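> Which chain is which? The protein sequence lines are A and B, in order.
1 is the number of the first residue of the first sequence in this note's numbering; add one for each residue after it.
1 is the number of the first residue of the second sequence in this note's numbering; add one for each residue after it.
Derived from the structure by calculation, the hints contain no laboratory data.
Please read these numbers as outputs of a predicted model, since none were measured by experiment.
All C-beta atoms, glycine included, are put in the ideal place defined by N, C-alpha and C.
You may find that some hints are simply not true.
Here chain B is said to cover these stretches of chain A; the calculated rule only asks that three of the stretch's residues, wherever they fall, bring their Cβ under 8 Å from a Cβ of chain B [said to hold, decoys possible]: (1) 4 to 16; (2) 19 to 30; (3) 54 to 62; (4) 75 to 86.
Computed far set for chain B versus chain A, every beta-carbon distance over 12 Å [said to hold, decoys possible]: (5) Y52; (6) T383; (7) D417.
Restricting the straight-line Cα-Cα distance to at most 25 Å, the calculated cross-link-like pairs of lysine to any residue (SDA-like) are [as the list claims (entries may be wrong)]: (8) A:K24 to A:D39; (9) A:K89 to B:T235; (10) A:K24 to B:S319; (11) A:K59 to B:T235; (12) B:K328 to A:K59; (13) A:K89 to B:S86.
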Amino acid sequence: MKIGFKDVEYVAGLARLRLSDEEKEEFTTQLDDILTYMDKLNEVDTTGVEPTSHVISIKNVLRNDEVRESLPSEPSLKNAPEKERAFYKVPKIIA
Amino acid sequence: MEWSRLTAHEAHEYLMKKSFSSLELTQSFYDCIKAVDSKVAAYLTPMEEEAYQQAQQADEKIAKGEGVTELTGIPLALKDILCTKSIRTTCASKILSNFYPPYDATVVKKLRENGAVFLGKANMDEFAMGSSTENSGFGITRNPWDLNRIPGGSSGGSAAAVAADECIASLGSDTGGSIRQPAACCGVVGFKPTYGRVSRFGLVAFASSLDQIGPITKDVTDCTILMNSISGHDTNDSTSVNVAVPDYRKALVNDVKGMKLGIPNEYFVEGMDPDVERAVWEAIKLLEKWGASIKEVSLPHTEYAVATYYIICTAEASSNLARYDGVKYGHRAKGYDGLIDMYGKTRSEGFGPEVKRRIMLGTYVLSAGYYDAYYRKAQQVRTLIREDFDRAFEEYDALLTATSPTPAFMIGEKVKDPLQMYLSDILTIPVNLAGLPGISIPCGFSRGGLPIGLQIIGKHFDEEKILRVAYTFEQRTDCHLKRPRLD
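Generate coordinates for the entire structure from the input sequences, incorporating the hints supplied.
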């Protein structure tokens with residue numbers, strides 16, 4: 001077993017997903033299958049191989065730090081589930 | 001003449017000759033959509049009002065003869081992963097069911113500037129995660145060649161709309177084959193450009209190091225017309241590459257004499273459908289007959305591509321999809337107890353099973369203690385996969401393979417077994433891992449009458465060579481002319 005029920009619960013917490021017990025059961029089996037398949041990669045000797053960070057060799061992209069037009073607050077807030085004046089509204093964070 | 005069957009270059013000529021107007025052409029597509037989309041279900045959101053306005057503007061430009069391009073007045077479909085200003089953009093996810101982007105994706109803006117008409121937003125697998133369009137949060141799309149089969153995915157709506165003559169051409173996105181595989185399943189042309197050739201600004205992110213936008217069309221010529229319009233550097237996407245964009249039309253050379261084409265052994269995988277294998281070899285033999293030199297080549301790390309891909313893409317997805325938290329846009333759960341509870345409920349209600357599965361997998365492979373074993377290892381194997389291609393392209397102009405190991409499978413056939421579903425991308429995934437351009441063109445049919453795709457893979461930014469091979473094959477064969485019957 002690569003992954004158990006408890007691990008699935010822990011990872012769901014990290015991912016901020018609330019799963020039903022049924023989903024947890026199903027994911028435990030499926031993720032275990034997939035992770036077992038991924039063990040294939042251990043057959044490959046990667047000693048000294050540089051990991052790919054970008055497929056095309058481009059240098060850092062820089063630009064001048066100049067003020068540019070940005071999205072006004074009205075259209076930016078238009079999709080917000082809850083808002084107040086020019087702010088996104090979220091549940092109270094500090095008790 | 002059935003207008004909806006026309007390619008963009010044919011329709012452009014008729015528009016120029018004033019045989020019909022863009023308004024009439026657009027109307028004929030909505031007639032077609034009304035007639036067949038209840039069966040195919042390619043579209044999620046029609047854009048009728050906006051489309052007629054765009055068509056009218058196109059007609060005015062054509063009448064004045066000012067600022068007319070090859071796309072002026074041409075009706076297209078857009079995968080619903082591309083942001084369209086003030087038009088609902090869902091990514092086929094319930095979590096974005098009420099999202100109206102405040103801006104256009106760069107590709108949408110470019111097509112708009114070229115006078116194109118947008119008929120609507122096309123269905124897809126939720127957040128582009130899938131190979132069958134069965135993972136859409138808003139219902140499945142059916143293959144126009146056989147309504148009991150999947151259209152491929154994730155750009156299944158975009159490919160089915162082209163095949164069913166519900167648009168002239170469309171845009172899709174390709175992270176592990178999501179343009180090429182549905183194009184193969186639906187018997188149309190699908191092109192994934194080199195990573196960095198087309199701006200990803202306004203493409204809802206799935207796996208940023210792999211995602212690329214590209215056209216799905218009825219022929220190779222249309223593919224070059226769309227590529228001419230959408231390619232190029234964009235300061236809003238720092239991974240778009242600042243290199244000169246060729247005139248892709250010039251790649252339409254009907255000749256492969258002297259071209260060196262490699263056939264990767266490893267791509268004729270176990271379990272490959274015999275009809276697919278036969279059709280692909282017949283295509284290879286034809287290209288050889290027409291003067292290309294054909295040789296087998298080995299890409300030894302191919303068998304590790306699927307495992308590598310599903311580590312990298314899920315890791316990137318788990319990070320990209322962290323933004324869906326019910327705060328700035330999209331769905332927010334009702335009845336929660338504090339912020340953390342709101343996140344959990346919102347995400348669990350908003351995401352479908354495959355998206356949850358991939359977020360879980362990606363979170364796991366990035367979590368403390370596993371990063372080196374999975375993510376770092378996968379990025380190292382990715383380097384080896386890339387180097388296999390580099391070596392092959394020292395000798396060859398392009399590589400030829402099947403696009404998908406089987407023709408379109410049955411709806412429901414693989415939904416219960418995610419690993420089997422993942423393995424259906426085995427021939428397209430390596431191309432994304434290496435950032436290469438690849439095209440799928442129709443090359444034949446199975447005994448059951450389903451389309452089969454030939455994949456042509458090229459070097460970084462050497463798209464013209466694969467377009468040339470594709471064009472030559474298309475001009476000298478007729479399987480791209482066959483259309484599904486939907487009555």
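> Does each hint fit the structure? Answer for all of them.
A quick look at each hint next to the structure:
1. 4 to 16: holds (count 7)
2. 19 to 30: holds (count 4)
3. 54 to 62: holds (count 5)
4. 75 to 86: holds (count 7)
5. Y52: Consistent with the label, B:Y52 stays out of reach of chain A, its closest Cβ about 24 Å off (over 12 Å).
6. T383: Answer for B:T383: violated, closest chain A Cβ roughly 5 Å.
7. D417: B:D417 not clear of chain A: closest Cβ-Cβ about 9 Å, inside 12 Å.
8. A:K24 to A:D39: 22 Å, holds
9. A:K89 to B:T235: This hinted pair is violated, its Cα atoms lying about 32 Å apart.
10. A:K24 to B:S319: This hinted pair holds, its Cα atoms lying about 21 Å apart.
11. A:K59 to B:T235: 14 Å, holds
12. B:K328 to A:K59: 32 Å, violated
13. A:K89 to B:S86: Holds. A:K89 to B:S86 sits at ~22 Å (cutoff 25 Å).
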